[in-house]
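A.B. asks: Construct all of the structure, not just a fragment, from the sequences and the given hints.
For the protein sequence lines, the chains are D and U, in the order given. According to the numbering used here, the residues represented by the first sequence are 1252 to 1526, in order. According to the numbering used here, the residues represented by the second sequence are 47 to 232, in order.
By construction, these hints were calculated from the structure, which means they are not laboratory data. In this text, a Cβ means the ideal position worked out from N, Cα and C, and glycines have one as well. Please note that a few of the clues may not be correct.
Result set (DSSO-like, lysine-lysine): computed pairs, CA atoms no more than 27 Å apart in a straight line [unchecked claim]:
{"#": "1", "chain 1": "D", "residue 1": "Lys-1346", "chain 2": "U", "residue 2": "Lys-221"}
{"#": "2", "chain 1": "U", "residue 1": "Lys-59", "chain 2": "U", "residue 2": "Lys-82"}
{"#": "3", "chain 1": "U", "residue 1": "Lys-51", "chain 2": "U", "residue 2": "Lys-90"}
{"#": "4", "chain 1": "D", "residue 1": "Lys-1346", "chain 2": "U", "residue 2": "Lys-168"}
{"#": "5", "chain 1": "U", "residue 1": "Lys-51", "chain 2": "U", "residue 2": "Lys-93"}
{"#": "6", "chain 1": "U", "residue 1": "Lys-221", "chain 2": "D", "residue 2": "Lys-1330"}
{"#": "7", "chain 1": "D", "residue 1": "Lys-1352", "chain 2": "U", "residue 2": "Lys-143"}
{"#": "8", "chain 1": "D", "residue 1": "Lys-1323", "chain 2": "U", "residue 2": "Lys-221"}
Cβ-to-Cβ under 7 Å is the rule here; a few derived chain U residues that face chain D [as the list claims (entries may be wrong)]:
{"#": "9", "residue": "Met-64"}
{"#": "10", "residue": "Phe-66"}
{"#": "11", "residue": "Lys-68"}
{"#": "12", "residue": "Pro-119"}
{"#": "13", "residue": "Pro-121"}
{"#": "14", "residue": "Thr-132"}
{"#": "15", "residue": "Gln-136"}
{"#": "16", "residue": "Gly-146"}
{"#": "17", "residue": "Ile-149"}
{"#": "18", "residue": "Ala-153"}
{"#": "19", "residue": "Ala-156"}
{"#": "20", "residue": "Ile-157"}
{"#": "21", "residue": "Leu-223"}
{"#": "22", "residue": "Leu-227"}
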Amino acid sequence: MQSKREREKQGREEIVRIISTCKTVEERSLDPFLVDVDESIKTAREYLPDWKIPEDLCLDAETIHSIASVVKLQSEWVKHRSTSLYTDPFLLQEKILHMDKHRLVATFAQVWRPIVEFEQISIHSIMESLQYWINLLPLDERWKEQPPLEVQAGQTSRDELVQQRILREQMFSEELAGYWKQLKTRVAEKGTGSKVSYWGFVGADTYEETVDRAFMTAFLVTYGYATLEIYPLEEEIFIKPNEKPETKIASTQLVSVPIPIPVEDWQKWRRGELK
Amino acid sequence: MSKRKATYASKVKRATHMLFYKRHTKPGVKGWELRKALGSDYPKVLKVLDDYLKELDLKVQTVFENEKSVEKPSPEQLDKARFLITLRGQLTPKEAKMVGWRIDDLAGLAIAVSHIVANKGKAPRKEVEDLLREKLPDWKVGPNIDRYIRYGYLTQDESEQLYLDWRTRAEVDQKALVDLLLRTEA
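C.D. replies: What follows is the structure, encoded as structure tokens:
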């Protein structure tokens, strides 16, 4: 009796053979009725219960797809044969083989309407070409090798790097501490309770400055200098400074809160429509 | 001459220059190029030009993108179509030689085109080569098919299947060719 493994191996071989036959028919424009569709489906169905691993199931799906393509070709073949355009290629081949080349050309000339096209130079194009030639630099000038640019190594100061925006004016930690202080002052001046509205803190005279403040505020929250209070129903966000930096990493599950800063919202805030 | 007639006369001249003189690698002009140069009424201008060319046994031929022919083309289909000037009547075999083709090469083209037409528009290159080998020397077969491809009569895909290309669609009445070949007494 055939073992399970042997049966699977035989099944795979048969399935691959079916796929290969279908592909050959498709690629070489052979008669699609050369494929016995019923027999192929029967084979695929017979081995389907044996397939357990995804690769075998994919192979089975590919078989069905190939058979479906052949069925489509069969349908097209029948349609084409039933039209008046159908010509038996073998009959035509026989005719061609028995005709000499002179008769073939005479027949082809009756249905051939070659394209007419001119290639002729005009005075205008000659003048344009001349002008181009006059303006064209000689080859030795065009292909002259440029010596590599010499770059002198020099020194740069911190101020220059700040000007070029490579370094920030303050150290990041100093800047963050500055923002923390600003937040506490803002809460003391304009805050409600111990918090201030998000836009009330990040909003600035220019949009660029606002984005910069929002960027630093994100770090204030991440590093535990402040906490965000979000009221989704009221669509309100408050920021609350902490007395001491509190790190919550490893103590609670941290979440990321993306807060978009679109120009429209900044403009609304400027008009006093956004609190 | 009325102003309208003068405008059309000038547009017909411009269309003649565009269609007769080669502008790109492929001959002919796309519909959108004609629309840009002549205005949206370019199909009317082409109709007038076609009437003029009738007396010279020439015609304005339209080759639609990927299609054999369109009964009532939309402006979009016309924009994408290629317009060419072709012969209206027939060439004698002697005249065909003057067009720059050797009789062998032209016979080879006739065989390749008719075989592909009879095989629903595609045939393996090897099959066409075998057919040509019956009448042409072996060393000429490959280069000849390459030449038909280069000129735009045939095209080939990565699996070496040959199809009819834009020039066959423009120049050859495929159905008439097959009918004539089948009617020929052996």
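A.B. asks: Run the structure past the numbered hints and jot down the numbers of the failing ones, going up.
C.D. replies: Checked against the structure, the hints that fail are numbers 9, 12, 13, 16, while the rest are satisfied.
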